[in-house]
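Peer 1: Let the sequences and hints guide you as you build the complete structure.
Number of protein chains: 2
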Amino acid sequence: MEFQYFLPTKLVFGKATINQIGIYAKQYGTKALVVTGKSSSKRSGALEKIVWSLEKEGVKPEIYDKVLPNPTFEEIENGARFAMEVSADVIIGVGGGSAMDTAKGIAFKMKNEGDLAEYFEGKKAQNAVPIILVPTTSGTGSEGNNIAVMTNPKTNVKKGFRNPSIYPKVSIIDPELMTTMPKRITAFTGMDAFFHALESYISLRCQPFTEMYSLKAMSLIAENLEDAYNNGDDIEKRSCMALASNLAGISIGLSGVSALHAMEHPLSSFFGANHGEGLCPIAVPFLKYIKPHIVKKLASLSTIFKINENLSEDEKAERVIEWISNIIYKLNLPQRLEYFGVNKEDLRILTKHVVEFLTHNLSTTPGNLNYEDIYKIYESAM
Amino acid sequence: MEFQYFLPTKLVFGKATINQIGIYAKQYGTKALVVTGKSSSKRSGALEKIVWSLEKEGVKPEIYDKVLPNPTFEEIENGARFAMEVSADVIIGVGGGSAMDTAKGIAFKMKNEGDLAEYFEGKKAQNAVPIILVPTTSGTGSEGNNIAVMTNPKTNVKKGFRNPSIYPKVSIIDPELMTTMPKRITAFTGMDAFFHALESYISLRCQPFTEMYSLKAMSLIAENLEDAYNNGDDIEKRSCMALASNLAGISIGLSGVSALHAMEHPLSSFFGANHGEGLCPIAVPFLKYIKPHIVKKLASLSTIFKINENLSEDEKAERVIEWISNIIYKLNLPQRLEYFGVNKEDLRILTKHVVEFLTHNLSTTPGNLNYEDIYKIYESAM
Chain Z
63 MEFQYFLPTK
73 LVFGKATINQ
83 IGIYAKQYGT
93 KALVVTGKSS
103 SKRSGALEKI
113 VWSLEKEGVK
123 PEIYDKVLPN
133 PTFEEIENGA
143 RFAMEVSADV
153 IIGVGGGSAM
163 DTAKGIAFKM
173 KNEGDLAEYF
183 EGKKAQNAVP
193 IILVPTTSGT
203 GSEGNNIAVM
213 TNPKTNVKKG
223 FRNPSIYPKV
233 SIIDPELMTT
243 MPKRITAFTG
253 MDAFFHALES
263 YISLRCQPFT
273 EMYSLKAMSL
283 IAENLEDAYN
293 NGDDIEKRSC
303 MALASNLAGI
313 SIGLSGVSAL
323 HAMEHPLSSF
333 FGANHGEGLC
343 PIAVPFLKYI
353 KPHIVKKLAS
363 LSTIFKINEN
373 LSEDEKAERV
383 IEWISNIIYK
393 LNLPQRLEYF
403 GVNKEDLRIL
413 TKHVVEFLTH
423 NLSTTPGNLN
433 YEDIYKIYES
443 AM
Chain W
63 MEFQYFLPTK
73 LVFGKATINQ
83 IGIYAKQYGT
93 KALVVTGKSS
103 SKRSGALEKI
113 VWSLEKEGVK
123 PEIYDKVLPN
133 PTFEEIENGA
143 RFAMEVSADV
153 IIGVGGGSAM
163 DTAKGIAFKM
173 KNEGDLAEYF
183 EGKKAQNAVP
193 IILVPTTSGT
203 GSEGNNIAVM
213 TNPKTNVKKG
223 FRNPSIYPKV
233 SIIDPELMTT
243 MPKRITAFTG
253 MDAFFHALES
263 YISLRCQPFT
273 EMYSLKAMSL
283 IAENLEDAYN
293 NGDDIEKRSC
303 MALASNLAGI
313 SIGLSGVSAL
323 HAMEHPLSSF
333 FGANHGEGLC
343 PIAVPFLKYI
353 KPHIVKKLAS
363 LSTIFKINEN
373 LSEDEKAERV
383 IEWISNIIYK
393 LNLPQRLEYF
403 GVNKEDLRIL
413 TKHVVEFLTH
423 NLSTTPGNLN
433 YEDIYKIYES
443 AM
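Chains as they are written, first to last, in the numbering used here: chain Z, 63 to 444; chain W, 63 to 444.
Don't read these hints as lab results, they were simulated from the structure.
The structure displayed is predicted, hence computed values, not measured ones.
Quick reminder that beta carbons are idealized off the backbone N, C-alpha and C, glycines included.
Among the hints, erroneous ones may be present.
Stated by the list, open to error - With a Cα cut of at most 25 Å, we get these calculated SDA-like pairs of lysine to any residue:
#1 W:K368 with Z:K77
#2 Z:K231 with W:C268
#3 W:K93 with W:D127
#4 Z:K77 with W:M274
#5 W:K368 with Z:I366
#6 Z:K358 with W:A284
Unchecked claim - Under 7 Å between C-beta atoms, here's a sample of chain Z residues computed to sit facing chain W:
#7 E64
#8 F65
#9 Q66
#10 Y67
#11 F68
#12 L73
#13 V74
#14 F75
#15 G76
#16 P270
#17 M274
#18 S301
#19 K392
#20 L393
#21 P396
#22 R398
Peer 2: Take a look at the structure:
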């Protein structure tokens, strides 16, 4: 048993905790840049509450609401330029993964000159500006780790950037902000959280803490996602999903994701897929393909999904995959790659992209997958 | 669901990880004070390995091996004076709870003038000198929290001091160092870890993270403590106990202990009891007494202890207490207070002490215990 555990972020979890954000922000200065998208933080009321709390505590808010899905280096650089113009002391990211990761990128870029691509390659980084994150979806879990997923517009490579400097100082997880999430977003972000948990659980880097977190996250999702989808106002269900997403986010920060996430990334960068939606058609073929290597792990999940205890290990593993297939169906999520306009002739490009640029995710995936394996999985997802 | 989670410590877990300590220490300066007791860090070989690793990385070690069980303010002040004389940049605590807590106290005292008692009362504190901890027992879990248990020699009050400044920067948990732990110490430190887990689980401040940690810790202890006791060389068993102790230590840092720990503290300060031993005779009467308030929680542990599923909740709770009573017996730990020389006429003094000085532990204990309750529990432990 050998592992490391590190999470220097203070997690503040609970209904209405958003109203305390000013108290935390003022520890880092008097000017805060609030990084968000066009709509979700307004719809949820998060933005209004944040501005109120910041002003109450004497912190001047500047709003930067230009976040787009799947943020690029360029968008992050633009944000950082704005942040420096307004001399922001602290960066507050509010929204889903794109908003939170843009905030991380901006805070990093403010202290680190030069091309972002170089830092992906290991260039030594300075500290970042302090970061506070506020998720308004329950999917990405970015508030619980030091990963910022960004797309390099030159290469179309979408990849997670990891750096110790971009752990949020504080993450405020207020499930009330999630009650206004539309059904479709509840569904695909919930499945993103589920796959974070599952992938870090089967990861070759799984360790005792992430094992606990992943199991708890999957159990919470199994019990609450459908209800949160069908009855979005239920604060208890939303709380459970928010916790699941947070736990799964911490898990991937420590144990990584797998080839499933790697295979989704080019769907987003080439076909504009929503990340959580993009995972769904690949998941079942992926799990079936690597099942021989993870049969014990899959079978161990059977109690979470209330699968009959008297089955063989292999049958239990089968049923777990079936459960996943069913929930994708029940949540009206895409089951085939054609949903994104992918044609058979695109598969070689997607496969090449994974094998060329996302080897780190393959290296933690059981089964030692190569080009042919990835191609076959994509093919089964058509 | 409302809670906070914060643990800024890097945990480095695994066999032979002690050899990396110099790499971590040099991040904080060139002079390290190694705080330890007379024997355990020498017996385990920890001290020798630490000195080797520090010197290899260009950090000069100074040894302070004057730690005694149940450290007092005075002992901590003496240590801090020595640390300042040698201009230590980082304080390394190696040993059981007393050594680690003395190290925390020294690091704190170096940056905070005046009487330690005032800081217990809430005097505003500055940062402490960076702390690195190395447990050589699996009981206290002090490497996973910001608590330092100290005794005020004027009042004989033994109490946990909490301050954000005394989170260790790094904790190195090397189970190999625990293979030389004598049977008796394995037993009572193991039960200390068990009660940390159980008490934070039943605590009114229990939250989702500490619930996970406590359950995992109890499960690891149920599966491994007896084997670690009977076969101390087994590195796998030692690893499981080290992890359990660490998880339980994090749990009490976040959710606190209960009246059981409060009732043990005066046994240590008045009767010189070893903390882990002192808990044992009180535990069963305590749990029986508050059982009506925690029957669901106790019953929920029945699977951990492999208790028949078809029993009623109340019967399951009974059996869980029985399991605890049995393990205390099997590990040859004290079952009656008379073991420590406590007489019936001492009980009023002990009770008064708990009610007067340790109210914070009572406030997190289900059942709203008062003087009479505490007295009755002590009485049943005679």
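Peer 1: Work down the list of hints and note, for each, if the structure agrees.
Peer 2: Status of the hints after comparison with the structure:
Simply put, W:K368 and Z:K77 have alpha-carbon atoms about 37 Å apart, too far for the 25 Å limit, and the pair is violated. A distance of roughly 23 Å separates the Cα atoms of Z:K231 and W:C268; the hinted pair therefore holds under the 25 Å criterion. Distance check on the hinted pair: W:K93 and W:D127 sit about 16 Å apart at the alpha-carbon level, within 25 Å; holds. Using a Cα cut-off of 25 Å, the hinted pair Z:K77 and W:M274 holds, with the two alpha carbons roughly 21 Å apart.
Proposed proximity of W:K368 and Z:I366 is supported: the alpha carbons are some 19 Å apart, at most 25 Å. Proposed proximity of Z:K358 and W:A284 is supported: the alpha carbons are some 23 Å apart, at most 25 Å. About 3 Å separates the beta-carbon of Z:E64 from the nearest beta-carbon of chain W, less than 7 Å, and the hint is met. Of the supplied interface hints, the one on Z:F65 holds, with its beta-carbon coming within about 5 Å of a beta-carbon of chain W, less than 7 Å.
Proximity of Z:Q66 to chain W holds as hinted, the smallest CB-CB distance being about 5 Å (cut-off 7 Å). Because the closest C-beta pair between Z:Y67 and chain W is about 4 Å apart, less than 7 Å, the hint holds. Satisfaction of the interface hint for Z:F68 is found here, the shortest Cβ-Cβ separation to chain W being roughly 4 Å, below the 7 Å cut-off. For Z:L73, the suggested interface contact is upheld, since its CB lies about 4 Å from the closest CB of chain W, less than 7 Å.
Satisfaction of the interface hint for Z:V74 is found here, the shortest Cβ-Cβ separation to chain W being roughly 5 Å, below the 7 Å cut-off. Hint status for Z:F75 relative to chain W: holds, with the closest Cβ pair at about 5 Å, below 7 Å. Because the beta carbon of Z:G76 sits about 3 Å from the nearest beta carbon in chain W, less than 7 Å, this interface hint is met. Taken as an interface hint, Z:P270 checks out: its beta carbon lies about 6 Å from the nearest beta carbon of chain W, inside 7 Å.
Here the hint on Z:M274 is kept, as its CB sits about 5 Å from the closest CB of chain W, short of 7 Å. Given the 7 Å rule on beta carbons, the hint for Z:S301 holds: about 5 Å separates it from the nearest Cβ of chain W. Hint status for Z:K392 relative to chain W: violated, with the closest Cβ pair at about 25 Å, above 7 Å. Because the beta carbon of Z:L393 sits about 23 Å from the nearest beta carbon in chain W, more than 7 Å, this interface hint is broken.
Nearest Cβ of chain W to the Cβ of Z:P396: about 32 Å, over the 7 Å cut. The hint is violated. Because the beta carbon of Z:R398 sits about 36 Å from the nearest beta carbon in chain W, more than 7 Å, this interface hint is broken.
Consistency note: the structure conflicts with the earlier hints numbered 1, 19, 20, 21 and 22.
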